[in-house]
Amino acid sequence: MIDVINLRKAYGGTEVLKGITTTIRQGEKIAIIGPSGSGKSTFLRCLNRMEEPTGGSILFEGRDITDRKTDIDEHRRQMGMVFQHFNLFNNKTVLENIMLAPVYLGLRDLGRLKRRNRLIRLRNMFRADKLPLHPIEKSKARIREEARENALRLLRRIGLEDKADAYPSTLSGGQKQRIAIVRALAMNPKVMLFDEPTSALDPEMVGEVLDLIRQLADEGMTMVIVTHEMGFAREVATRVLFMDGGSILEDDTPVRIFTNPRHPRTKEFLSKVL
Amino acid sequence: MGNFDKKLERFWEVFIEHNGYVKVLTGLQNTVWIAVAGLAIGILIGTMIAVARVMPKTNRLAGFLDGLCVFYVALFRGTPIVVQLLVAYYVALPLIGVNIPALQVCVIVFGLNSAAYVSEIMRSGILSVDPGQMEAGRALGLNYRVTMLKIVIPQAVKNIVPTLGNEFILLIKETSVVSFVGAADLYVAFNYIGSNNYEFMVPYLIMALIYIVLVAVAALIVRQLERSLRKSDRRH
Chain Z
116 MIDVINLRKA
126 YGGTEVLKGI
136 TTTIRQGEKI
146 AIIGPSGSGK
156 STFLRCLNRM
166 EEPTGGSILF
176 EGRDITDRKT
186 DIDEHRRQMG
196 MVFQHFNLFN
206 NKTVLENIML
216 APVYLGLRDL
226 GRLKRRNRLI
236 RLRNMFRADK
246 LPLHPIEKSK
256 ARIREEAREN
266 ALRLLRRIGL
276 EDKADAYPST
286 LSGGQKQRIA
296 IVRALAMNPK
306 VMLFDEPTSA
316 LDPEMVGEVL
326 DLIRQLADEG
336 MTMVIVTHEM
346 GFAREVATRV
356 LFMDGGSILE
366 DDTPVRIFTN
376 PRHPRTKEFL
386 SKVL
Chain X
19 MGNFDKKLER
29 FWEVFIEHNG
39 YVKVLTGLQN
49 TVWIAVAGLA
59 IGILIGTMIA
69 VARVMPKTNR
79 LAGFLDGLCV
89 FYVALFRGTP
99 IVVQLLVAYY
109 VALPLIGVNI
119 PALQVCVIVF
129 GLNSAAYVSE
139 IMRSGILSVD
149 PGQMEAGRAL
159 GLNYRVTMLK
169 IVIPQAVKNI
179 VPTLGNEFIL
189 LIKETSVVSF
199 VGAADLYVAF
209 NYIGSNNYEF
219 MVPYLIMALI
229 YIVLVAVAAL
239 IVRQLERSLR
249 KSDRRH
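Going down the list, the protein sequences come from chains Z and X.
Just so you know, we're using the working numbering here: the first sequence kicks off at 116 and counts up by one.
Just so you know, we're using the working numbering here: the second sequence kicks off at 19 and counts up by one.
Calculated directly from the structure, the hints in this document are not laboratory data.
The structure presented is a predicted model; accordingly, all values stated were derived computationally and were not measured.
Every residue gets a Cβ at the ideal spot worked out from N, C-alpha and C, and that includes glycine.
Among the hints, a few may not be true.
Subject to a maximum C-alpha distance of 20 Å in a straight line, what follows is the list of computed EDC-like cross-link-like pairs (lysine to aspartate or glutamate) [as the list claims (entries may be wrong)]: (1) Lys207/Z to Glu153/X; (2) Lys207/Z to Glu244/X; (3) Lys387/Z to Glu311/Z; (4) Lys382/Z to Asp359/Z; (5) Lys75/X to Asp182/Z; (6) Lys75/X to Asp280/Z; (7) Lys168/X to Glu189/Z; (8) Lys305/Z to Glu143/Z; (9) Lys207/Z to Glu264/Z; (10) Lys184/Z to Glu211/Z; (11) Lys168/X to Glu143/Z; (12) Lys168/X to Glu311/Z; (13) Lys305/Z to Glu383/Z; (14) Lys207/Z to Glu261/Z; (15) Lys75/X to Glu166/Z; (16) Lys168/X to Asp366/Z; (17) Lys176/X to Glu167/Z; (18) Lys305/Z to Glu130/Z; (19) Lys382/Z to Asp367/Z; (20) Lys75/X to Asp188/Z; (21) Lys207/Z to Glu217/X; (22) Lys168/X to Glu276/Z; (23) Lys184/Z to Glu143/Z.
Ranges between beta-carbon positions, derived for each pair [to be verified]: (24) Val88/X to Ala315/Z: 57 to 63 Å; (25) Ser314/Z to Val88/X: 34 to 40 Å; (26) Arg236/Z to Trp51/X: 43 to 49 Å; (27) Gly322/Z to Arg95/X: 50 to 56 Å; (28) Ala315/Z to Leu167/X: 25 to 31 Å; (29) Leu167/X to Thr129/Z: 33 to 39 Å.
Next comes chain X alone, as it looks inside the complex (with noise of 0.2 Å):
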């Protein structure tokens, strides 16, 4: 072990004297914003999706929102999001004309990518709260969004919160490709350290110790929030 000794000697140098804590940070933070914003442009967009899909079909305008939504959910499940990034990096933004940060390009690809998975989610989360929940916001006069947003959601939400947890938490693991369009997340930073001396051994398992602990605090705070969610089921 006075080989691996060495390596973290050589590891801590870089760290601290070659400013890879800095690095590390920056990637720990880039890391920790593309999964959560990601996350929240998920859940509002899924579940506008999801709301679009349960909706009656009463008229033509439902059913071609049901079918777009369809169609938007086929393609960002049906695609690898580094395929998505690439070209959302690569070709969309330069056919648009448009110049945005890599990171900021992330953040819209997985929020993007996260909703089509929530979309799915929360409909089965709409799907089981009980129908007599609409019945009666509907029969005391309240109108469909109304009571789709005070009374269904909610109680939807609820419900799913575990499975949207374990979405938070492919999320955090899924940036660690965001490298392939330029934005400097964990594994750029671990990388620039590695490479510094060629000694990868140590940065490595160091990174993948980081997402560990990520993961567990991530899984922490759902823990949490169900807790506190299941309130209203609680005999008291």
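Excised from the complex, chain Z in its bound form (with noise of 0.2 Å):
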């Protein structure tokens, strides 16, 4: 699904990834270990392109999203990244937080389909044999209701229906993340990425986001994700990328790294986090 082929970014004149090259399949849960400054961020960030990567290449689904002409935002919307700060648009409700991003391309595409059937018209005009028109299955008021019905829906999901209104001001850090990763899934990804979801949770509220993330890897999402819970990537990854100095060091599953790891960096790191 996704095949990473020696990728490097460098800030400057340092190195931060030195050559990745790894595939991630359709169903696969990764979880990405290693100290801080090991690259374990940048490379899921490059997944994306939020960091811009600047040698190799990525290939999603066959086509290269580090090639410049690929549109980068619609490759984005079929990826639900979910970040360590939770990012929540602190000025909009829970519910306008989820429904922002369907409603906004919803529409869009709605807009580019209309005019594309104006033009359709309009050369229609001067010729004999008709051109077929776009389908329009969806008004404006449709898109919203769909968005809406949507994001209730995921809010119920996580239990969080009464917040819907709520500003995230108002959230614990826990709700705040579950928010979050639902506001993603609201876009239907084909792959998650978490960035160090719980890093910046209080001990108390990491639970209720791992159950998520682990209901999630149940129902067959592809996933990728950076973490410090080791307990979580032992019991949930079907496969452990252990990352240090800008490069895996050891890809297998997680019986074997975590009983049995082959690299000294691996074992002196799990050593010290277990």
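Given two chains presented individually in distinct reference frames, assemble the corresponding complex, making use of the accompanying hints.
Right under this line is the structure:
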């Protein structure tokens, strides 16, 4: 599903990623572990080009997303991202946070179709064989209504319907992060990227967020998680990547990484954190 | 104080009987109009300048726009507003060969001038918004423009309303120089009343009072606006 080939990223003279090559298949849950500054987050952020790679390529379903011609916004719609600091839109209510992108993009696509149809009608006036119009299935109101229903359904799922009209500043960290997760889900992404989703949370709220991620994993969502929660990585991941110094040093099943690490750096790291 | 009573009487006489109040009302209207329209233009152009300046410099056009905006701000902050008015009215417009009423020239010049200051205020406002907000918008597939318009700028504006209010108050007071190009503001009105009988004490005193009231009203409006914008910060 995602092929990363010799991915490199440098800030000025310092190389943060020194040639990463790996393949992420549909349905895999990949945990990336490693010490701070090892390039885990940078690697994750390169996958939806939040960071611009300086070398190599990333193929998503066969298309190279590092190509300048790729519509990066289109790509990002298919890849949900969850941040360490939640990044809910502070000026929007919870419901608006979830609805904003689906409604905006839905309306934009509708506008594009309508413009194309106008052009076709114009051309049809001068043609004997009429070109077919693009079918328009939804009205503006329908798009909004569907986004709203979907947002409420997602909120019900995480038990926060009553917070629909609240602003993010009134919520706890755990609530914010769960809302950030369903906000990403509202776009129906094919892959979810989690960038240390529990690192900024109070210990008592880590559980509720991990539970939600675990549910998604059980439903078969493809996901890549940068995490310091070793127990969680071990339990949920189908594959663990250990990164250090901008390279993947070990790539194996969680059982083998956690019980029988081969690389000396992995051993050292795990002996410190476990 | 008997002398003052007499002065007050003479002012009243001109104010009512020689239609002084009409001049004052027109002046008041022009003063408020120049300040309000100037600020509106300033916010519009200033926001565009601020965005051009914080935009990531990924291509040459963005770099060029940035340079242009720096030059614009330097130009309008580097000269007094009176000089800008005079140059616009007596140099720029005749050179282009168009004839625009003084009042509209004032609105435009005050707008352009205020844009330079608002752009710096707005830029600091945009930079004060957590970069994570832009990242979150982009990660959802919204483009730079939409994320800026729907997420970043509304939050930036909320942060800078007090400073923008200050700019508005400055504008109200600075409009007192528009008579340099012949626009009729409060000063022109009270000067007319005073010149009628060479009695300037009362007219100028009342002019000062009107400015104080104007500024107080502006401050009140700004505070109300600030309060309503803080809605999303309040815990409830």
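Now the hints, each set against the structure:
no.	hint	result
1	Lys207/Z to Glu153/X	16 Å, holds
2	Lys207/Z to Glu244/X	17 Å, holds
3	Lys387/Z to Glu311/Z	19 Å, holds
4	Lys382/Z to Asp359/Z	12 Å, holds
5	Lys75/X to Asp182/Z	19 Å, holds
6	Lys75/X to Asp280/Z	37 Å, violated
7	Lys168/X to Glu189/Z	19 Å, holds
8	Lys305/Z to Glu143/Z	11 Å, holds
9	Lys207/Z to Glu264/Z	17 Å, holds
10	Lys184/Z to Glu211/Z	31 Å, violated
11	Lys168/X to Glu143/Z	35 Å, violated
12	Lys168/X to Glu311/Z	27 Å, violated
13	Lys305/Z to Glu383/Z	35 Å, violated
14	Lys207/Z to Glu261/Z	19 Å, holds
15	Lys75/X to Glu166/Z	15 Å, holds
16	Lys168/X to Asp366/Z	41 Å, violated
17	Lys176/X to Glu167/Z	31 Å, violated
18	Lys305/Z to Glu130/Z	30 Å, violated
19	Lys382/Z to Asp367/Z	14 Å, holds
20	Lys75/X to Asp188/Z	19 Å, holds
21	Lys207/Z to Glu217/X	58 Å, violated
22	Lys168/X to Glu276/Z	24 Å, violated
23	Lys184/Z to Glu143/Z	28 Å, violated
24	Val88/X to Ala315/Z: 57 to 63 Å	37 Å, violated
25	Ser314/Z to Val88/X: 34 to 40 Å	39 Å, holds
26	Arg236/Z to Trp51/X: 43 to 49 Å	46 Å, holds
27	Gly322/Z to Arg95/X: 50 to 56 Å	55 Å, holds
28	Ala315/Z to Leu167/X: 25 to 31 Å	28 Å, holds
29	Leu167/X to Thr129/Z: 33 to 39 Å	35 Å, holds
Checked against the numbered hints above, the structure breaks hints 6, 10, 11, 12, 13, 16, 17, 18, 21, 22, 23, 24 and satisfies the rest.
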